[in-house]
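Protein chains: 4
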Amino acid sequence: MAPRATEEERDTIIKTIREQGLDVNVSVGTERTVIGVIGPEEKIRRIPLEAFGGVENVMRVTKPYKRVSREFHPEPTVVTIGADRSDATPVKLGGGAFCVIAGPCSVESAEHIVECAKLVKRCGAHALRGGAYKPRTSPYSFQGHGEEGLKMLAAARAETGLPIVTEVMDPRNVELVAEYADVMQIGARNMQNFTLLKEVGQAKRPVLLKRGMSATVEDLLLAAEYILSEGNTKVILCERGIRTFEKAYRNTADLSAIPTVQELSHLPIIFDPSHALGRRRHIATLSCAGIAAGCDGLIIEVHPDPEHAASDGPQCLNEPEFSECIGRIRPYVELAGKVMR
Amino acid sequence: MAPRATEEERDTIIKTIREQGLDVNVSVGTERTVIGVIGPEEKIRRIPLEAFGGVENVMRVTKPYKRVSREFHPEPTVVTIGADRSDATPVKLGGGAFCVIAGPCSVESAEHIVECAKLVKRCGAHALRGGAYKPRTSPYSFQGHGEEGLKMLAAARAETGLPIVTEVMDPRNVELVAEYADVMQIGARNMQNFTLLKEVGQAKRPVLLKRGMSATVEDLLLAAEYILSEGNTKVILCERGIRTFEKAYRNTADLSAIPTVQELSHLPIIFDPSHALGRRRHIATLSCAGIAAGCDGLIIEVHPDPEHAASDGPQCLNEPEFSECIGRIRPYVELAGKVMR
Amino acid sequence: MAPRATEEERDTIIKTIREQGLDVNVSVGTERTVIGVIGPEEKIRRIPLEAFGGVENVMRVTKPYKRVSREFHPEPTVVTIGADRSDATPVKLGGGAFCVIAGPCSVESAEHIVECAKLVKRCGAHALRGGAYKPRTSPYSFQGHGEEGLKMLAAARAETGLPIVTEVMDPRNVELVAEYADVMQIGARNMQNFTLLKEVGQAKRPVLLKRGMSATVEDLLLAAEYILSEGNTKVILCERGIRTFEKAYRNTADLSAIPTVQELSHLPIIFDPSHALGRRRHIATLSCAGIAAGCDGLIIEVHPDPEHAASDGPQCLNEPEFSECIGRIRPYVELAGKVMR
Amino acid sequence: MAPRATEEERDTIIKTIREQGLDVNVSVGTERTVIGVIGPEEKIRRIPLEAFGGVENVMRVTKPYKRVSREFHPEPTVVTIGADRSDATPVKLGGGAFCVIAGPCSVESAEHIVECAKLVKRCGAHALRGGAYKPRTSPYSFQGHGEEGLKMLAAARAETGLPIVTEVMDPRNVELVAEYADVMQIGARNMQNFTLLKEVGQAKRPVLLKRGMSATVEDLLLAAEYILSEGNTKVILCERGIRTFEKAYRNTADLSAIPTVQELSHLPIIFDPSHALGRRRHIATLSCAGIAAGCDGLIIEVHPDPEHAASDGPQCLNEPEFSECIGRIRPYVELAGKVMR
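Respectively, the protein sequence lines represent chains A, B, C and D. Residue numbering for the first sequence is 0 to 340, as defined by numbering that gives the first Met the number 0. Residue numbering for the second sequence is 0 to 340, as defined by numbering that gives the first Met the number 0. Residue numbering for the third sequence is 0 to 340, as defined by numbering that gives the first Met the number 0. Residue numbering for the fourth sequence is 0 to 340, as defined by numbering that gives the first Met the number 0.
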């Protein structure tokens, strides 16, 4: 309560809290009185405490999420990618199993994506990424091949056995994407597209949920809670950099988020150095740092010919660069006590 | 080009640019060589210049948007809200016409929304806001009444003549929301939900597009460009605060964005002090500041009984507060040379 | 306490708190136990509560500043600028008295600063700003004329009667600057230069304290507390924009800080639109917005010939622009119920 | 130039540039004309190009720093700490030599700092940190023992051979601190205290320059340039986290800054996980990530009894934690190809 709060204001609040069947703990201090509200989160949430007269500040003591929390589920969640496909080689992610997802920003053509798949497999990747539906800042940029792109991805899987990770942007496409993809990606800009989160929460496929550009760790966990609350527990989180004032790189990789998420949640978390940096330089170095920070996998943009990529060329590694990157990360994965197939 | 770039690298780039039918201007400096690319934006965009060897940095000289820009359409756009409804009193927004949109965060019941509509009309508001579909950070918070809520809003319009502003979150609901609403709102979290932007771009109703929490002015204009590029030019932009390190208020109102948007674009822009502050205190003061900054309207959360609001209670004004707020803003609207009915 | 905290951990903390002569309030919740510490701030501060085993989070309920707070001193502080100089026309700032400080970024020459002083006086300014010591990001930029610059400023005062506002950067120069200046400015980069704050706290002249680029409102008030705690109560605060991801202007003007500071503190606060924007365009507009937000004055960069300014040319207004700006702000000052001489 | 710029405006600018003895390159595009200015940085800086009529935007192509840049000095700088003291065991930092600086936030007493020194030496640290002058956000927090603290640090060095790293805040104390300390630290809040930077630039001791809370990589390098431009080339940079909206940790560690600084500059850079996180948890993990990112050393807060530390207790490691941390980082140092004595 504010120092100038009246006794009447205090009593009104205490009465309202008790009417909701909640307990109250009142602590009278030298300058301020603190009213503690005790009871289930859902009930407390219903009272707009800040709106009452005399209230100076409301502080939340409990966590607002449940199913994603370590307290709810102490063991780490392990997600198997490509588990139920006859033509995919399944791979585990989380709980000590480390994996690398790689590929181009967008699917450019049938031949191109097969070439990419072979390239990343040759270098050691475990799954293929590639966009059929592309979220682009400008409406005039290439928006992806849509369903045709999904078919091209499936063909690349058939050819290499690599499970497919691809973005879904439209709730109307979730079923379609789930049919072709092994992991449905929710992009950073859609992290709080709650309609989409609920829809993938009802699907059977694993979901890769990227952290929004200005999302806190708590926002990320609450977005995952949307998916889990609909029944889908196969969620992989992804740190991909946040927006700050720094201009030397596109985003600021927030590696502290990795151990923090792992302390608070049982869900696996991977790191995307390509979007965090926004350029090729230092991708291998940041990948090593991400592994040392404890991430359960990496997602890296790779293109056979970045200078002719349809999108995100500047941040794509070419084959020699990606191969060198994989070579550099191996001992870090080992040192972190994780296993990379 | 980087100082250490080779002549070969330079020539490769120049050749590639020319192959796309673009012109080149080379400027050899004391330390660095600068290659200028001249031609239509769409063509230039296709070459991933940062991906070429020897490139140190790529700077864009032209603007990435077209239809939203002042250069494309010098006159200010005026949006009429509630134009084609027999039961609504239409109101203009933009080009000197100032209007106030007010109402509760969410539609709570049929009686409640009618009460709210009467309250805000009595105080001088020109349109009613209220959420039937609510984007909530937590899946366990109240998610809105959906279609029932839309019907309640329509009934409140029938009763008061106030046009309706309400959020649409799901592309599958755009048609439905357009049927009931006079303005379809795109929330801050969906500012880059491109699927939804395209869908409202094909609808006939005006769109209220809120700036994302970490969106730049350019991102906001590009999001609007998505809507205009689909054919809907009735777009109202909205500044509602961005995310910064400051903890004294929920978001940081960025009032410099208002004259900046008006310099770059012909679209009207309104200000939302309720979400910018996240609490009642100072809403009237910030409203006056927004008007002095040049905004074309305000959107304010008002509730007859904020202490019992279903959501956002702490930032809702009650009737005496809202009435006082309207009283305070009137002379500022006049001073800004705008007309408020 | 964390949900998994042991009873022993709880008891250790309670014992430690009591040993310091403080009271304890324990509230056992459904999931967590909350320990309240009651007593004087100074005593509580000495116990590093977060360092104890079993502690999940420490939340501060009281405010960390005292002398700058409204609770300590309810009446607004009014600072008189130029009060004790025979050659200055004193002017009040705060408590309803509004004033405009204007002038070039740096003192360029004796003739130049006199020309500037006459210009800003002619347009209606009440005090002259101008840097003799310049904090520059690069060591190779012009660093100011030093003591010679101070003498030139004094000569401009003698000629026009305008009190002088100038920056002090070095604690060894405080006495010297106080001899010539009417207000000693602490720049944004020195807001937490505690050595300098203590030094100006022991001087007699008023201090203009600019908010740091990433300082919270609380940081700003604590920096002012340093000055007041040394005995100098004549402190004017200044909002000049914070650092965010937005690139359309140099800094992001945070106008919500103005009513917030006024709610928490009795000190006057002025607004600097020149540094907030970093360019001439929209300075008059933002000035009006700042006044509507409640600021007690403005500080604006003005130069007779911005294209030949020694520093900060791009954000300087020339005479016609400044004159128009003053014309535009007058009715806003009046509307805000303030008096501008 | 803006699309609407006149030919006259263009000619005025070109004329002004040429008058300064600089070259001009004009590139006429489809929508805009670009004027390139060619010549030495110092000359270009003198023309406030943004202030000229018709200018839309000014982009800098060259870097604003010189002595700190790789281009100026391609080989990595190696700083020897404690080189010229009879009672110190010198240690190298940079160019492959990795070292750990550890100790309490502040020097609490003579016995205490000797105990700390022995503790960190026993665990494997190479230098002792400890504050005699403490920059505290609040004037009421413990401000350090001053010169007495410096003497206590010197005694701890005499006892253990560990070189001393301690902060200097006041330009008047630089000589005194240089007498006792082996490395003079400039704290984050003083990164742009140019008076202090110049003063340590004239001293002989190595300087540890911490990145400001909202400083860009370029700001950090320019601050270092101040020191080098005065003659002192023994500068160690330090990443310690920046301010963002994230609330789960005190600051956001920006590990991308490490390889970026090393690409742009020859100066060594160390990492401070204690201030980046603001709490004990995850310090060892982030240390490993920092090493993987390429840092040349670590600076860690260690206290024999964090629960009774005079300041920063929550982020201090105790002996078992620090010992375990050193054990965890060793293989990462090796893997990074660096040598830790």
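Incorrect hints may have been included.
Since the list gives no way to pick one copy over another, a pair counts as held whenever it fits inside one copy or between any two copies.
With a straight-line Cα cutoff of 16 Å, these simulated EDC-like cross-link-like pairs (lysine to aspartate or glutamate) come out [what the hints assert, rightly or not]:
id	residue 1	residue 2
1	Lys91	Glu41
2	Lys42	Glu306
3	Lys42	Asp86
4	Lys120	Glu158
5	Lys246	Glu55
6	Lys203	Glu174
7	Lys117	Glu262
8	Lys120	Asp86
9	Lys117	Glu306
No lab work stands behind these hints: they were computed from the structure.
### Query
What label fits Lys42 with Asp86 when the C-alpha limit is 16 Å: within, between, both, or neither?
neither (49 Å within a copy, 39 Å between copies)
### Message
When Cα atoms must be at most 16 Å apart, do Lys117 and Glu306 count as within-copy, between-copy, both, or neither?
### Response
The answer is neither: 19 Å in one copy and 56 Å across copies each exceed 16 Å.
### Intra- versus inter-copy proximity for Asp86 and Lys120 (alpha-carbon distance at most 16 Å)
within (15 Å within a copy, 57 Å between copies)
### Query
Under a CA distance limit of 16 Å, which applies to Lys91 and Glu41: within one copy, between copies, both, or neither?
Neither. Shortest intra-copy (35 Å) and inter-copy (42 Å) distances fail the 16 Å Cα cut-off.
### Query
With identical chains treated as interchangeable, where does the CA-CA distance between Lys246 and Glu55 reach 16 Å or less: within a copy, between copies, both, or neither?
Intra 38 Å, inter 14 Å, cutoff 16 Å: inter-copy only.
### Within, between, both or neither: Lys117, Glu262 at alpha-carbon 16 Å
This pair counts as neither: shortest intra-copy Cα distance 36 Å, inter-copy 32 Å.
### Task
Using 16 Å as the alpha carbon limit, work out where Lys120 and Glu158 are close: within a copy, between copies, both or neither.
Answer is within: at 11 Å inside a copy they meet the 16 Å cutoff, but 58 Å across does not.
### Message
At most 16 Å between CA atoms: does that hold for Lys203 and Glu174 within a copy, between copies, both, or neither?
### Response
For Lys203 and Glu174, only the intra-copy Cα distance (10 Å) is at most 16 Å; the inter-copy one is 29 Å.
### Query
Are the CA atoms of Lys42 and Glu306 at most 16 Å apart within a copy, between copies, both, or neither?
between (56 Å within a copy, 15 Å between copies)
Hints 1, 3, 7, 9 from the earlier list are contradicted by this structure; the remaining hints agree with it.
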